[in-house]
Amino acid sequence: MTGLLYKTWEELESTFEHSFGKTTDFVKVPVMFNERKCWILYYSSLVGSANLSSKLMLPFSQHAGKAESLEQFRAAALASINYMYLTDWIQIARQLNKNSVCILVEGEYEALSIEIGGYTERSISEPEIQQSIYGPKIAFTESIETNISIMRRVLRTKSLQIESYDLSSDKVTGAVLVYLDDVIAPELLQEARQRIQRMEGKKVATLNHLLEGLRDDKKANFFPTLMINERQDSCVAQLLEGRAVVFMEGSPQGIILPAVFQDFFKSPEDAYVPAAMMLFMRLLRYCAFFITLLLPGIYIGVINFNYEIIPINLAIVIAGLRSNLPFPSVIELLLVEAAFEIMREGSVRMPKVVGNALTVVGALVIGEAVVQAGVVSIVVVIIVALTGLSSYAFTYYNFAFSIRLLRFVFIGIASILGIFGVFLGCVILFAYLVNQRSFGYPYFQMNSKRSLL
Amino acid sequence: MIKLRMLLAGLVCTVLMMTLGGCADRIEPGNLLVITAVGIAKGEKFRYHFYFEGINPSEFTETKRQNISNSFLFDNEADALSGAISAISQEIPLKPEFSHMQLIAIDDELLREGDYDYLDFADRFDQIRNNLTLIAVKDKAMKPIFSTTSPSLTIPSFRILMQLNELHEKVGGNYPTSLLQFINNLTQSGRNPILPVAQITNPSDKAESMDYAKQLDKQTKMDLHAIAVFREDKMVGELKDREARNVIVLQNQAKNTIYNYSCDAQKTISSALQYIAVNKKVMYRQNKPVLKVYMHATGTINSIQCANYFTGKSVEYTKINKELDRTIEKELTATIINMQTKYKSDIFGFGEKLRISDYKKFKEVKDRWNEEFARADVEVEVRVNVQRSGIRGEPFTNRIKNKKY
Amino acid sequence: MNLATDVGRDAWIVPLICTFIGMFLFWWFLYIIRHSEQKTIYSLFKQSLGQAGGSILGVIYITYFIYICARDMRDFSELITNAVLPSVPLEWITLCFMATVMYVLWIGEQNFINLFVIFGYTVAAIFIVFVVLVIADGQFDFHNLLPIMGDGIGPLLPSTFTQVMEFPFGELIAFTAFAGTMFPNLPGKVVRAGVFSVLISGLLITLTILIELITFGPSIRERALFPLVSAARNISIGNFIERIEMLVIFAIMLAAIVKVCIFAYAALQGVVWYTGKAYKSLIIPYLLLTTVISYYVSNNMSEHIIVGLGFIPVFIHIPLQFVIPALLLILILIKSRWRKQNDRSIV
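Protein chains in written order, with the working numbering: chain D, 1 to 453; chain L, 454 to 858; chain H, 859 to 1205.
There is no bait here: all hints are sound.
On the chain H side, residues computed to face chain D include the following (Cβ under 7 Å):
hint, residue
1, VAL942
2, LEU943
3, TYR961
4, ASN969
5, VAL975
6, ILE976
7, MET1104
8, PHE1108
Coverage of chain H stretches by chain L, computed from C-beta distances (three or more under 8 Å per stretch; other residues unrestricted):
hint, stretch
9, 1004-1011
10, 1090-1098
Derived Cβ-Cβ restraints for the label pairs, each shown as a range:
hint, chain 1, residue 1, chain 2, residue 2, range
11, H, ILE1095, L, GLY843, 29 to 35 Å
12, D, ARG156, H, PHE1098, 53 to 59 Å
13, H, GLY996, L, MET459, 55 to 61 Å
14, H, GLY996, L, ARG695, 23 to 29 Å
15, L, THR794, H, GLY1012, 36 to 42 Å
16, H, GLY1134, D, GLY346, 54 to 60 Å
17, L, GLN543, H, ALA983, 47 to 53 Å
18, L, MET470, D, ILE162, 54 to 60 Å
Simulated from the structure, these hints should not be mistaken for laboratory data.
What you are looking at is a predicted structure, and each value in this text was computed from that prediction instead of being measured.
Just so it is clear, CB atoms sit at the ideal spot from N, CA and C, and this is done for glycine as well.
Turn these sequences into a full structure, and let the hints guide you.
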């Protein structure tokens, strides 16, 4: 390094301007520290005024006059606060960006940075995406400290280890790797560390960037190989099973790694119901998976290619309902699917108050009107509704998303090759799943025992 | 870049090939005419006269009902079925779909000649269910069979099947023989096939309209109480009512049936039998075949017409058991002997039993089994166990004369 | 494919006998590989016959594996054209099937074996459902099986030794091409598991034929081209569960994929061994070749079946499945004895 923070005390002011620019929330306060000149630096946007006055200003006014050196003052007055001595403007800038206050004293060439924090945060709220009837009503927030605290409140053990990493190009966005060191497999831990370290210095602004960096396969990835979780209880359960959780500053979800196919069918609620019920619900979710994925495809395959396998009474009814309709079955199905997807997307983007109304009204109006007008048959509406409902049965939203997409692929194959095409598609899909890896773990394997390949 | 271009080229090729190669079997259910039954009779100009019963599917939906007839009947003469299909396209522009065919009705004239050339289509065609039911039709009444409606079941073929099944389940009066069983019996030695026979009493043109289904007093009726008897491959005659029932019982196909015996002049006691198990055996005694039949059943007393016959005591159950045993033994023996003398045809499957018990002998007599059957002795043993008598013990007729209170 | 039709109601005994022969065969094939301390059958040829002779035999075996692969593909495509998509051209069905097989092979042996485990569970589940439905349907008669071996064991022997022993069981020779590379030194556990799975699959074939017989009787079964599919087609429970043949076809498809993949993998291992090219680069050309062969392998269904069950077992299977391995075994034993004697003489 260049060595000293400053050559003469007077040049400091221009150094500030040089290092931090003219940003308005940068605060530099000249004060006196035991007859010496002193600068206190912080970002007003990152340090709360209440915290500042109680943690720093009050002790400062009492002790600063008596202290011989900065270290003496810190040891006497700021004993309980996280601190760091810095000798480098880049580090100072980074530390300031991490809610700290820097104190520079004339004659001392190390800057003391102390963590104050205290900016307004969202308080802990109930989980919104992954709702559960039983279980704690605690969801993670955007702050890493809060999240870790939420975790440690349940796992009060020394084996709960937390490793911090600075990501992003200016190395400020923080991420932590949480694991239980007596449960986790060492290879997994090594791999996780490597992948997070690989992210350092890259552009990491959102959770999605982090996900992309952590994933095994950088290319097309239909199925999520990492779980995104906002619930305390399921994160704890995953930690106890030997997985690791990654939190990132600014995103209220944890990334659980590794995650294999079967994990996406487990719900945090499973821990609160009897075993038989849990088995039933899990079975239901697997059924929902296959319905969402295959039902429209099988419908097209059966209706358009293998009409003979429908039982006769149903066959007559379907033939009756399908007669005198303007579109072929495939187009009809795609139209209704598209309408449904648009409704779903619309209801997500709508303001909360209107959202529910839109879905209900849309479903009622479009479903009823379209059938009444004789544009599509009721059977297709039933199929699409069942498919759509099934796709909500999953606890993990990103998993449902991939199935929703693949469904259209299956409709396409079925419209060309019928049920045979659906069968081949299934084989290819499972071959793809078997080929996937999540942190080296096979993504889809029948054995209950996991093997690291 | 080259990789991307190759990928794109591959994609275009695949899509082209898929759209060109696939889709060959696409059908739209809206354009299908679901054929539910086919009738075959002897033709005049060509070999056969085919009748097709097609469903009018719109009548089975809430919204598209036009209140016209629920099924259509097409007929045409042709040498083979494929030629006859053109009759359908002349009348209605839909694609006939044979996959849901449930019934094949064959005129008994064809069966008496032993002509089965038209059946290979149903056996071979991959979409047709092999378990469709075969019936024989008497009196050249193919058209009335497929056009006589009934109140609740407006499709004639559905109605025939329903009626057959009811008859089989409730009283064991007939048995819906499937194509598979029929072909099996035709092509394997040891049992001659039987078929249900349908007959229309009082056929009239009036009965063929939909409005007739609404009338209360119906003259035209469908009679399914007979079975056609085959010897080798030709139909030789038919058995009616009780005899038909006895054949079904002897084939061990009956689930429930009712047997009566007379306790007095004109008065009967009837008992409903269930859990009927029939075991047959064939053995050779001094080079003469002996047909043995063991039957076991559980009974319930249905009605007692004789007064002072039954008081609800256990001893009387035994008496009824014995009487029933004797009656049934007599009836079954008579049926078998009738078959031996009149038709010389083993429709009960005694030959199969011989195959199982004495394979060597069976191979020896396989080709002349029907003659062997005709000269065989018959031994029938029946054990009926009447276990209950409904929700009353003594019949009230006992107390009319002999008032206790 | 319809096995052992000519023995009528005793058809199920034939695969039962052959299962035990097959268990022995499998053990024998693996024994040759293990005893010779070679990884594949190709290196074994080189070891025992030298460079030139070994290469010729190796190429014969590679051709043989590709040929069986093509036949199986044709079997399955014929099933699809006959039962599912009657007017789609056969080439197109085979090509689609081929594309799937290519992808399955492309994901690598460790993965496709994991995939086959899943297939195994699926097939087992479908089979259980099928058996339950057959029983629930009630359209079966155990008397169709009686009398068991009425004509004695004599009529069973020709189809045992010239058909069933070769057609599913002798084809296990494909495992000699890669078992050694997958499991170095072939520990006893692997051999035991292999022999046990041969037993299970043999029993499965037996059970399948039993079901076909009790639902159809020998006469219809003999004429049926795909008796299992027909048996599934006949199921009708309460007019609602009807025609579950699609499930059975799915199970057959999974089995066909496994079989085709194993033969293709066996052949490709040989090509890799001789040419040293990368495995993944060989998949597309060799499997396209197989597709073409499968199309030209026979003119019609009848020729396909007669050649497959009559000609091939006697003139191709027996020499390649039994004669050459037996000779190899003798050669190995003689060599090892000779080596032992040599060692002793040196000592």
